Structure formats: C-alpha cells, structure tokens
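Student: Chain order of the listed sequences is A and B.
Under this note's numbering, think of the first position of the first sequence as 1, with each following residue one higher.
Under this note's numbering, think of the first position of the second sequence as 288, with each following residue one higher.
Read the hints as simulated data drawn from the structure, not as lab findings.
One thing to keep in mind: the hints can contain errors.
To give an idea of the chain A side of the interface with chain B (calculated C-beta under 8 Å), a few residues [unchecked claim]: (1) 34; (2) 104; (3) 112.
Model, not experiment: these values are computed from the prediction.
Glycine included, each C-beta is placed from N, C-alpha and C at the ideal position.
Read off the chains here:
2 protein chains.
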Amino acid sequence: MNTPPKKSALHAQSGKMKPINRTIFFVSDGTGITAEILGKGLLSQFDGINFRQIRFPFVDDPEKAADCLSRIREIREQDGIRPLVVMTMMNPEISAMLRQGDALFLDLFEVFIAPLEKELGVRSAHTVGRSHGQAGHEYINRIAAMNFAIAHDDGVSDADLKNADVILVGVSRCGKTPTSLYLSMQFGLRAANYPLIPEDFERDRLPDTVLPFRDKLFGLTIAPEQLHKIRQERRPDSKYAALDTCRQEVAAAERMMRREGIEWFDMTSRSIEEIAVQIIQAINKKE
Amino acid sequence: MNTPPKKSALHAQSGKMKPINRTIFFVSDGTGITAEILGKGLLSQFDGINFRQIRFPFVDDPEKAADCLSRIREIREQDGIRPLVVMTMMNPEISAMLRQGDALFLDLFEVFIAPLEKELGVRSAHTVGRSHGQAGHEYINRIAAMNFAIAHDDGVSDADLKNADVILVGVSRCGKTPTSLYLSMQFGLRAANYPLIPEDFERDRLPDTVLPFRDKLFGLTIAPEQLHKIRQERRPDSKYAALDTCRQEVAAAERMMRREGIEWFDMTSRSIEEIAVQIIQAINKKE
Numbered sequence: 001m002n003t004p005p006k007k008s009a010l011h012a013q014s015g016k017m018k019p020i021n022r023t024i025f026f027v028s029d030g031t032g033i034t035a036e037i038l039g040k041g042l043l044s045q046f047d048g049i050n051f052r053q054i055r056f057p058f059v060d061d062p063e064k065a066a067d068c069l070s071r072i073r074e075i076r077e078q079d080g081i082r083p084l085v086v087m088t089m090m091n092p093e094i095s096a097m098l099r100q101g102d103a104l105f106l107d108l109f110e111v112f113i114a115p116l117e118k119e120l121g122v123r124s125a126h127t128v129g130r131s132h133g134q135a136g137h138e139y140i141n142r143i144a145a146m147n148f149a150i151a152h153d154d155g156v157s158d159a160d161l162k163n164a165d166v167i168l169v170g171v172s173r174c175g176k177t178p179t180s181l182y183l184s185m186q187f188g189l190r191a192a193n194y195p196l197i198p199e200d201f202e203r204d205r206l207p208d209t210v211l212p213f214r215d216k217l218f219g220l221t222i223a224p225e226q227l228h229k230i231r232q233e234r235r236p237d238s239k240y241a242a243l244d245t246c247r248q249e250v251a252a253a254e255r256m257m258r259r260e261g262i263e264w265f266d267m268t269s270r271s272i273e274e275i276a277v278q279i280i281q282a283i284n285k286k287e
Numbered sequence: 288m289n290t291p292p293k294k295s296a297l298h299a300q301s302g303k304m305k306p307i308n309r310t311i312f313f314v315s316d317g318t319g320i321t322a323e324i325l326g327k328g329l330l331s332q333f334d335g336i337n338f339r340q341i342r343f344p345f346v347d348d349p350e351k352a353a354d355c356l357s358r359i360r361e362i363r364e365q366d367g368i369r370p371l372v373v374m375t376m377m378n379p380e381i382s383a384m385l386r387q388g389d390a391l392f393l394d395l396f397e398v399f400i401a402p403l404e405k406e407l408g409v410r411s412a413h414t415v416g417r418s419h420g421q422a423g424h425e426y427i428n429r430i431a432a433m434n435f436a437i438a439h440d441d442g443v444s445d446a447d448l449k450n451a452d453v454i455l456v457g458v459s460r461c462g463k464t465p466t467s468l469y470l471s472m473q474f475g476l477r478a479a480n481y482p483l484i485p486e487d488f489e490r491d492r493l494p495d496t497v498l499p500f501r502d503k504l505f506g507l508t509i510a511p512e513q514l515h516k517i518r519q520e521r522r523p524d525s526k527y528a529a530l531d532t533c534r535q536e537v538a539a540a541e542r543m544m545r546r547e548g549i550e551w552f553d554m555t556s557r558s559i560e561e562i563a564v565q566i567i568q569a570i571n572k573k574e
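Chain A with its partners taken away, still in its complex shape (with noise of 0.2 Å):
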C-alpha cells in the first residue's frame, strides 16, 4: 500500500521535499508475516517515501525462487533503483538464488540464527515454517481464546464467564472488541467483554453478571468527542450518537470504574496493540 508523504519528509540527496518511489519485497518460505511485520515497523521510520509493498510469501522451490527472482528484476528495470527485499527465508540456497537479483537484502533470520546457535550450543532447525505449525499448545490455545473471544463478545453470552483470563468493560464503541480479539489472537487470552449500557448507570452499578469476576475486570474508556465520531458513523444523528449522550455514559462509566476499584485505560490516543500490552502487564502486576 502506498501511503502519501508526511510532512517532515525530507529527502537528504536533494534537500527538498520530495516523495521518492521505492519497492519493498516481503519474502519467506514461510508465510511472510514476520517479515511483513518488522518490514513495516523498519518503514514507519522513514518519512517521505512512497513505498510500494509486494508479497511473496510460500517461496519454498527453484520455481518460485525464480519467478521471484524475475519479478525482483522486473521492478529493479521499472523503478531505475534497486528494490528493498526483507526476507526470512530457512533455506539457504532459495536464499542464494534470490540475491542474484540488484536488491538491497535484508534477511532477519540469516542475522540472528547464527549468533543464536554460537550462544546456544545447538544447531537451528532450519525447516520452514516451525513457528506457525498448526500442532502446538499455543496455537490450539489461540484458537480456542479467539472462539472464546467471539462468543463472548458484546455479553452476548455469559455461560463459562468463569473461564475467561480477562473481561472488559466500558461503554459501547469504545474498543472493546477489537482489543478482546487482539489479546486471544496475539496472546491467547480468553477475553470476554461486556458492554457498560445507560440502564447501568440508572443502578449506578457494574452489571450482576460480571460482578462475581472483579479480579478479572479491566475498563476501557475513551474521550468523549472520539466515541461521539465513533458513534455517528454508526447511527448518525440518534441520541445514542450525540455528544451529550457520550459525555454523560463515559462521565458515568469511568465513576463507576473509580468507584469499583477497576483499573482502567484510555483508548483515546492508544492503539489497540498498546493497550493490549498494558493489560497484559497489569494481569501480570495481579498475578
């Protein structure tokens, strides 16, 4: 995806603002995502560059080491300058074959495999795709956190509350979701999350059902202005939506949160990443 240039772009041949097209290659004899993963993280840094991102991920043979390789030279020709190629390619002579091609390689396992062996007194395995294998412990747990996620998303259910790691609260829109799918996906936490509605701050108290859990309760909140921008993409001009509305459910929520003694975070200027490492902090802080 392209993204357009920021404003503090600056580019130090020219000393002018300048956008500059560049190609990145994102390449595994696996599925890529981690190389996509730190690719990205490596070009968030750099300001001003239009980079457009090709995906080569399964590049397990010579045949598609070779139409890689041909696309590789094929966008060496169309840029007039040498694309990125961020790799994590098992097998060396896949890898060999590639870097016939003009490219700037970057191969995160060729960098750290082999201090890790030196420190570690054992040769890697060097098979493909370990860390994704469907086997594992992990990955069956993240699995079923991520079920365990959707069922218990919204209160839609409260069977087997029991068995959650962790429950969210606060009010609806404010990120719930998204966070409790992010904390089972990348962590394989079982995190149910239950909505804080106006009919709970009529009581003035946390819902019945996820009173008997207060160890695992956590709150998400949100600043007012961003729920209410939130809300009106979703039902424009209701009551639900309104500003007033927003200020008052949040105003409510987060006393009722300070009141309960659950530790609460803002979505506001947080991603749902950040926050989900801060949860996880705070259950280790707990435990």
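Chain B: place on chain A using the hints.
Tutor: Chain B in isolation, oriented as in the chain A frame:
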C-alpha cells in the same frame, strides 16, 4: 511461557538429549510485539531448549531501563548463564543503558536501520511506536475490518455483504471464524463467513444470501476425522459431532464447492496464518 523439550533435542556440547533452561527478554520502547513475533520465530528453530519468556514493553525512560537492567542482572544470577534479549529500541541512549547487562543482545532495529538509511538516503525518524500509531489510515481500516468480521461471523448478518472483501464458506467448525478474524486483523480485509449447513446440502445449492457474491467466495475444508474431534469438544457424542455426520458434510461441501467453481483451502494441516496468506494470494490473482 515454558514449552516442554521436544524429542529431537540434541545438546551439542554433551551429545545427549538434555533440556536447557534459558531466559529470553522481549524489550522495546514500544509494545514489543514485533520483538516478540520475530523472537518466537527464531526460538522455534531451536529444539530441546526450555525458554522462559519475559516481556518488557514501553521501556522509554531511564527509570524503566534501570528496572529492566536489574531484572536482566537478576536472571543472569539466577540462571547461571546470560539471558537473550531481543529488542526493538528506537532510542540509542536507553539501548546503551540496557547493554550494561551481561546478555546476548539482538537489536532488530539497530541491525537494519543503518543499511536502510544508507540505501534510502534519508535519516530515520527514530521515533517510538510509529508503526502502531492510532491516526493512520491503515489502523482505522483494520479496526473497521475487525468490526465487520465480528458483525458478519457465522452468517449472523446478511446486511452489507456487498462491502465484504471476502466471504468464507464451509461446514461448521472448519476454521472460518479464526481465519476471518485473522484476515481482518492482520491484513485489514473485511471478511465475512457463512456456514454450509445440512439444509444447504439437502437443497444441494449454496445459500441464497451469498450467491450474488460468487466472485468473493472462498471455501474452507478440513479432514472429517479432525472435524469430528473439534465438534466432540463442543457437543460430545451428538449427531452433530458424529464421525459419520462429519464425513457426509465435508463430502457434500466439497462436492458443492467443486461444482460451483469455488476455490477452497484445506485447514487440516495448515495454520490459519498460512490459509489467510493463501487466500490473499488467490484474491490478488483474481484482480
């Protein structure tokens, strides 16, 4: 999390099967998720070693760095061998503080930022957490995609299917839900999923709701034996879980998908990550 040693473990120094206990830190001035993903990918290449994992996210000031450093030293004492530290640190001063500890430091950014700066002719922003900022178009798109995936899980809603990027079909419990979620979260795709149920097989045609969107349909399938195991956990000894039912449903679903020309993927020995990437490749081919 400790994982049990695997059978193929070989301790090179002794030549004997032997679990080794080592500690790995994932340290970052951001969430540390990139460090953790790459770190785990690397560890999965080393059999027979028991890794204890410790996360240190948001290490972005000297005080937190001092905390982390003292934990590294503590573990060094406790393990009797230096720990591994996989880092993504944008701030070189904080990074230097940590390096006073006795550990093997693998800094993902340090290794790659320098060659990238040289290649691109621009200085990196050296800003923390850029990749996980909340403002970006890509982030907003991912959140919207996750909400879409939840709202269109398991055929719950037919509304808005025309805005789906992809619609997955398959028998109950073949893996549609986690695959949809993964597509939305990792790649920002609006993924709906729709079960194929006994009524569909009796009529021997696809559900009417998805028929108008044939170009977005992809199928999932799974070995009947594995489906049986998964369904047994959900509803033990039910007709729904019976091996015979699983065999019939899977056969009927595959027959239908073949006849309708729907490309499908087999979850039996593939992870959701692998299937998700294959689906993306298939979508790209269509475009």
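Student: For each hint given before, does the structure comply? Return the numbers of the non-compliant ones in rising order.
Tutor: Nothing - there is no hint that the structure violates, so all of them hold.
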